[in-house]
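Student: If you want the building blocks of each chain, they are given just below.
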Amino acid sequence: MRPSGPKKLTVAQQYLWLRSTEVCEGSGRLYPCRLEWEFWAQPTPLSRSYRLRVLYGDRGTPKVYVVEPNLVELSGGRTLPHVYQQQPTRLCLYFPDSGEWTPHLVIAKTIVPWAYLWLYYFEDWLATDDWKGGGLHPGAENE
Amino acid sequence: MIDITAKKTQAAQTLELICQALELSQTQYDTAKSRYEAVGKWLSGSDDAALRASEIYPQGSVSLGTTVKPVEADEFDVDLVCRIPFVAPHTPPSALKQLIGNRLRASGHYKDILEEKPRCWRINYANEFHLDITPSVPNAACTNGGELVPDKKLKEWKPSNPRGYRSWFEERALIVPRVQSCELAFMEARAAVEEFPKQTRRKGLLRRAVQIIKRHRDMWACTREASIAPISIILTTLAAKSYVHCAGNFSYETEYDLLVDIVRYMPHFIEKNMVNGREHYFIWNDTTAGENFAEKWNQDERLVRAFYAWQLQATSDLENLPSLSGLDQVRSALSSSFGDSVVSKVMVELTASISAARTTGALGIVPRSGLSATGAGRIVVPSNTFFGS
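Chains as they are written, first to last, in my numbering: chain A, 1 to 143; chain B, 1001 to 1389.
Derived by calculation from the structure, the hints in this document are not laboratory data. Mixed in with the good hints there might be a few duds.
As the list claims (entries may be wrong) - Capping the alpha-carbon separation at 35 Å, the derived lysine-lysine pairs in DSBU-like fashion look like this:
| # | chain 1 | residue 1 | chain 2 | residue 2 |
| --- | --- | --- | --- | --- |
| 1 | A | LYS109 | B | LYS1152 |
| 2 | B | LYS1296 | B | LYS1033 |
| 3 | B | LYS1272 | B | LYS1345 |
| 4 | B | LYS1152 | B | LYS1241 |
| 5 | B | LYS1345 | A | LYS132 |
| 6 | B | LYS1241 | B | LYS1111 |
To be verified - Among chain B residues calculated to face chain A with C-beta under 7 Å, some are:
| # | residue |
| --- | --- |
| 7 | LEU1327 |
| 8 | THR1374 |
| 9 | ALA1376 |
| 10 | PHE1387 |
| 11 | GLY1388 |
Ideal placement from N, C-alpha and C gives every residue a C-beta, glycine not left out.
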């Protein structure tokens, strides 16, 4: 008998999870090999509400963009920490190839909570200029 | 989407933490108490018959549980009354003050940390607090156990009733308001009070409101002529009267709504009467006859204007807080109302508690409420490493 380890989730399964998870209640589209999902995330009641867009396709990594508000404008000229791209802002939520995220994991229960957490530290950073969420920079030691 | 109730709850929780960071800690209180008791013992160990019968006890914020650290100094004011039960009729206040001063100077321990103030003696414990000791004598004319304390010029006695005021305030603080939300920051949940009466740490809404109000006044006064800012006894009295009115007549969705209403209704408890064709103001001490806390308002119109200007500002700052979005915005609004250092301290602690919950795996996301280490039904935040430049 062939060994049956945990299976990679299909794009459709990820889509269903996104659609049925309360903390990322929103709307999106499912295509044959990829998905788009948009939702509003507010890390705490007094935080801003951020519109996030998740893009995911077969064999890819989930990409999370902040659609609004414009984080670059909010940062008043400072360089945003822990992003792949300043504008449109794409968040770096996990360490690639570390196993923190693999296609076996549910985006709605990993990427989504990490995005909330990122946004929490972002507002702290806006006020203090100090990123307290820890993390790694490419080629650098642990912060 | 998160509703306004959750925002108000978070605002109340943040103010609760600010109050905790600003008040005399239990350890500091215990130290202050043992020090003033020692002073009391020293005074009553005197050869003087009047001092031997004297009794020392706290008045003002320490006795009410509404202490707030001063903005510019590290030292708390601990106001004390030294009550001398028997004095010869017509003894001037200055004579009693001198009697206390002489006795304190006779102590090797107190003489070097003693400082004379116009109305009282101050014993300085550097970087902690100072004890201000004011003499008092019984007020035969007061049926309520009131006392007489020196006036500002130390020329005459004026009625006061620190112990009566304390009971008056405590009675009001005990009133339980009608608040629908179960998420309480200032008050103890009722069931918890019944089960664990001794573990109650929460101060209740009135005491917290008074602390918030006084701190707001302190910060407001920083950018103005400090001597015209409304005095604490006026703020405390109006807040207590307003609290009774609001808690007795209305029901609130959140504690925060009640807090804002307390500040909003404060001016309603100022009595105005025409005296000699001019409007005079009265904020009576209900515990002794003849003490109008607003007496000075009738000599200096600027004090009246300052109170109303402060009250307007405080109401608008508190009303505005839950409508802000962005913790950075909240932080800057709180800093201007309550001081940058205390707000920074509270926000740093808040982030540290989020990070600690993240490390232990307790942190989760609760629908319509956000990050939480305890909320029911939360989606746990798995361990991750933020990457990227």
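Student: Failing hints, ascending?
Tutor: 1, 3, 6, 8, 9
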